[in-house]
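Number of protein chains: 4
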Amino acid sequence: MSKIKKVAILGASGYTGAELVRLIAGHSAMETVVMTADRKAGQAMAQVFPHLRHLDLPVLTRIEDVDFATVDLAFCALPHAMSQEIVKDLPLELKVVDLSADFRLEDVAMYEHWYGHPHYAPDLQKTAVYGLTEFYRNEIANARLVAGTGCNAATGLYALRPLLAAGVIAEDDIIIDMFCGVSGAGRAAREGMLHSEVSEGTHPYGLPVHRHTSEFDQEFRKVTGRDVKVMFTPHLMPANRGILATIHVRGEADKIHECLTQAYESEPFIVALPLGEVPATRHVRGSNFCHVGVVADRLEGRVRVFAALDNLVKGSSGQAMQNANLMLGLPEAMGLEQAPLFP
Amino acid sequence: MSKIKKVAILGASGYTGAELVRLIAGHSAMETVVMTADRKAGQAMAQVFPHLRHLDLPVLTRIEDVDFATVDLAFCALPHAMSQEIVKDLPLELKVVDLSADFRLEDVAMYEHWYGHPHYAPDLQKTAVYGLTEFYRNEIANARLVAGTGCNAATGLYALRPLLAAGVIAEDDIIIDMFCGVSGAGRAAREGMLHSEVSEGTHPYGLPVHRHTSEFDQEFRKVTGRDVKVMFTPHLMPANRGILATIHVRGEADKIHECLTQAYESEPFIVALPLGEVPATRHVRGSNFCHVGVVADRLEGRVRVFAALDNLVKGSSGQAMQNANLMLGLPEAMGLEQAPLFP
Amino acid sequence: MSKIKKVAILGASGYTGAELVRLIAGHSAMETVVMTADRKAGQAMAQVFPHLRHLDLPVLTRIEDVDFATVDLAFCALPHAMSQEIVKDLPLELKVVDLSADFRLEDVAMYEHWYGHPHYAPDLQKTAVYGLTEFYRNEIANARLVAGTGCNAATGLYALRPLLAAGVIAEDDIIIDMFCGVSGAGRAAREGMLHSEVSEGTHPYGLPVHRHTSEFDQEFRKVTGRDVKVMFTPHLMPANRGILATIHVRGEADKIHECLTQAYESEPFIVALPLGEVPATRHVRGSNFCHVGVVADRLEGRVRVFAALDNLVKGSSGQAMQNANLMLGLPEAMGLEQAPLFP
Amino acid sequence: MSKIKKVAILGASGYTGAELVRLIAGHSAMETVVMTADRKAGQAMAQVFPHLRHLDLPVLTRIEDVDFATVDLAFCALPHAMSQEIVKDLPLELKVVDLSADFRLEDVAMYEHWYGHPHYAPDLQKTAVYGLTEFYRNEIANARLVAGTGCNAATGLYALRPLLAAGVIAEDDIIIDMFCGVSGAGRAAREGMLHSEVSEGTHPYGLPVHRHTSEFDQEFRKVTGRDVKVMFTPHLMPANRGILATIHVRGEADKIHECLTQAYESEPFIVALPLGEVPATRHVRGSNFCHVGVVADRLEGRVRVFAALDNLVKGSSGQAMQNANLMLGLPEAMGLEQAPLFP
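Which chain is which? The protein sequence lines are A, B, C and D, in order. Start counting the first sequence at 26; every next residue gets the next number (the numbering used here). Start counting the second sequence at 26; every next residue gets the next number (the numbering used here). Start counting the third sequence at 26; every next residue gets the next number (the numbering used here). Start counting the fourth sequence at 26; every next residue gets the next number (the numbering used here).
Everything labelled a hint here was simulated from the structure, so no lab data went into it. Misleading hints may appear alongside valid ones.
Each pair may be met inside one copy or between any two copies, as identical chains are not told apart.
Said to hold, decoys possible - Straight-line distance between alpha carbons at most 16 angstroms, and here's what the computed EDC-like set of lysine to aspartate or glutamate pairs gives:
id : residue 1 : residue 2
1  : Lys120    : Asp92
2  : Lys254    : Glu325
3  : Lys65     : Glu216
4  : Lys254    : Glu196
5  : Lys254    : Asp242
6  : Lys120    : Glu164
7  : Lys31     : Glu56
8  : Lys120    : Asp97
It should be emphasised that the depicted structure is a prediction, and the values quoted were computed from it without experimental measurement.
Model the full structure from these sequences, guided by the hints.
Quick look at the structure:
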């Protein structure tokens, strides 16, 4: 049994924060010792998230009141832009896994372009590692700061990154449609996320260019050494959890399938389905799994690649935990083996 | 006020049959005088569809017991393949609107190819008119037999047909993703359509080639004079009603938008949204409207075209009613003006 | 054909306002000439409610900019408490149907008790008629101001009022459980009404005493001449529309059923189901119907009475329209005959 | 670490079977070595339940092909009535946890009364222990055959059993309304369980007397020594998982709350909420927890008691696992500590 690692969750009153608490509760070598939530400081977690009321958890507190001396690692689940401000003042010896968009883009000019304001911690940005675990294991294990990927970005990257690395698909004709559960929008009260507004239907959103596109640009350039620009269209799906990416590429279905099968054959969480089978978001719900599938079309050279994951687990908090395990010298899959919940 | 037309609904125990009853109840010149449902013959509609219990309706009966002498038009909402057998024996003077797949494909060889068996009424097939109202008004008005379109096909055709006719998009690079409500699968009890199986998630289905693709092939050949083969990927959406088509084409967004705006400016039910706006299935629910939208991408020459409609109304029973109005000499929009139901 | 009546909708940016627009669009003798929405003044309805974009509607405006000279009747769909302030300054010759809680309680002391502040228009309150159409037809037809009932209250009253009037149930042992769709909470952005918070589950709310209880107290006193205090427990149901009341009473099932059947046999919208049959909210969705049912229990003298209606139609905007018809001398059911939308 | 116990799941192709597989996968001292499913024999679990595809599981087989020699315990998740036939032929040294209704009623005459046919294994019935863990721990630990409770029965019993035992509520005025997720109806394809039929609404079912009432009769007689007959009305809720019981009793709220708090203060899975707080099904989803709450009414002596649990976990498969732990000498809570999944 490993020595218990003590972790802090900064921003524990949102969905990704609660999901971290849930996962840590099932982790035999990790313990939540600090939870912050500025507007709800002083409350018990049972008041904010009654589904966690059976756990013995610290009271929510303000970040400025936290003593980080005994904390091994902080998960930072704060809103975009605030994360930069907070993380730059954290003790340097504290390991940090950030779940926001704040440290994802290596090029701060790109950050400014996509997010509309200068980066508040450009030096820190240079040290951050992009948290797509399966492709940056070594860097993550040695990092002080890991930047969680966008949940949409992760879904698309699991489908496409090995294919671009292997050169088995055309680089300039990639079309990504994505269907995203509403929990990805967070817990902030917004008219557009009311049950009455999003149940029983679907619509595209975030057009003409969703911000997560920037992560595709960055990662695909890294893997190909050139600009690879995809067309990305997200849709809101009337379900709480789950993202399905339906991706249209040019190549040969069997080579594409073979490439993904090999890429993921040793991975604990990424499953390449048999050729011709399709994933469903409900079959990974609540778990850290990602299912990828390949289906040919009647049109020669046209292939569909699918990927499905749970945005709150493999798309954010589960990924964060997987990275934290690596950073803390724990087995990578520890605390993440729960089977999906269906139905 | 027009003289009241008497209609029969063959196969009234399914969702499209019930939807016809609902629409006819609000139609001031049409009356349901016959309803058949073989396995539920003898039952009142209130037992089969309690939401229609307030209506004064005939008892469900068997087709062989129907006297068609006083019927002006029959809606045929029977299962695929059965429709051919029934329609070929109906009186020749009886006008027929068929809602199944049985008479959609003009080429019976194509029918056999896509549906796996020879057509049972090839001569009758030759007389059938494809029921996409906005593009075949005159033929429909003079037809004895009109073949309802597939609900997926209708959605895609409203987005694409004017664009291919005008030559404003590339013909050989059209990708259609579609998100379809579960009522499209009908009322037959199937494990895969249980609430527990389809709620709270999504997945693609009907791959590698969905049968409705045949209707795209047929209609796009008619309008271009050559083979135009699209890549079509339907997904099951956890909602009862609605289809959203997200279509990726090559062309210029403003020309595409202008083309659709002009094509539909006089249409009562097809609405071209302002450039850059996207439709939502819930904004057409329960109505005969179809909303189409155009959004450019950051990639030059890449454009998204969207279409949304209610599969049970504009995608089937509403379309059938619109066509019946034309065939019976009634105002085309009669009984179809209900606003969508939201939320 | 009646002369077209001109109506204003004050507070048209909420769900009940939109529902009024929808219903009026299908009404052959009523026209929406004014729509107000203070925070959205200047916008087109298509921006606020895209499902109504096909209608030719006035632009949203501020109440203070409205010229009521040509308006026959105003529907007031404003938030609670604001309605009193607005209605008291409306022209005296303008008929008003208020959909808020502001004028429901005849006794202003009771209003203050239940709503926590003095009534702002006590004189006006004295003139208001409680809008439960089936029981106050004459008063409504002659009223200047009609107060719409609570949607929960209406559901319970349809089940219980005839039974208490006829004395066929015990007065002091009535238990009402209710399951209410989320649209009843309105369109204001609140964390507790997010899709992620209310889908896929249920919970009781508004305890220990929901404000709509006050309407039961008032109406049951009127009909019995004494205090009849019920126990009322509402639950939030993960559906947009619909309220089901499950009511436990003491009496004889056949007498109770007979009483309801007789009470509603001439009513256009209240349907007493056969003894032993139960209603479902989805079978009245989108319509002005209310279904009531009676089922005995194995325990002698114990009976369940059920009622189901659509909270946005029969529970608010449809009721308002029915009352407006009476006030304007139009046929009571005009514009309200739409069949329910199922599935 | 305990020695790994080998278990069989008879009837693994239904929801409770799949849920057992899920729970066992997270259990450190239990292993699934046999899974049967007659109609799907020969298939891999990945085909039947793709969400379990990451697990290393035996192929589905027929019961008659099973060698029970090395099996420590069999979970029997077969349909009602079939269970009796199968269990009576199992080896006597094999421990059995049955999840069906077949062995719940101690009195075979009562079984025949409620289920409409003679019991097929009356001698075996005499040896069965009712599986409500918290109240029959010792008997269960020593039993060879444990009968899982009905999921509705369990929910009601957790709220009421301590109250009747302590005599703090009136015995002859108990009214139970229940709201039940659709997964309780199982995976068999039935029209009434289609997404289109049950989403977006609610209705009562199983009236006038649901079979689970028999379990209330049995248990309440045991605890009070006399007949205690409740009025029980279940409703179908448009959600996959979860049951909420809303129970109306006569007594004093603080005594009732105190009684439940004491009854469950040492229980790992039953949580008594603070007085005045209400449970929500979504806050126990996917977990073995049951939350009970007490809320007074304005009417003196009238109190609401609520209970919420996940029908597939605490209501069936989780309960079965908890009982199996006891029977196998394992820690009772082993493998059941997962936190609920929200949202």
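Outcome of the hint check:
1. In this assembly of identical chains, the alpha carbons of lysine 120 and aspartate 92 lie at most 16 angstroms apart only when taken from the same copy (14 angstroms versus 53 angstroms across copies).
2. In this assembly of identical chains, lysine 254 and glutamate 325 lie within 16 angstroms of each other by CA distance solely across copies; the values are 11 angstroms between and 23 angstroms within a copy.
3. Taking CA atoms no more than 16 angstroms apart as the test, lysine 65 paired with glutamate 216 passes between copies only; the shortest distance there is 14 angstroms, against 22 angstroms inside one copy.
4. In the homo-oligomer, the alpha carbons of lysine 254 and glutamate 196 lie at most 16 angstroms apart inside one protomer (8 angstroms), although the nearest pairing across protomers, at 22 angstroms, exceeds that limit.
5. Taking the closest pair of Cα atoms, lysine 254 and aspartate 242 come within 16 angstroms of each other only inside a single copy of the chain (6 angstroms); across copies the shortest separation is 30 angstroms, beyond that limit.
6. For a Cα distance limit of 16 angstroms, the shortest separation of lysine 120 from glutamate 164 inside one copy, 13 angstroms, qualifies, whereas the shortest one across copies, 51 angstroms, does not.
7. Within a single copy, lysine 31 and glutamate 56 get their C-alpha atoms as close as 5 angstroms, which meets the 16 angstroms cut-off; across copies the closest is 32 angstroms, which misses it.
8. In this assembly of identical chains, the alpha carbons of lysine 120 and aspartate 97 lie at most 16 angstroms apart only when taken from the same copy (7 angstroms versus 46 angstroms across copies).
This entry satisfies every hint, going by the numbered hints stated previously.
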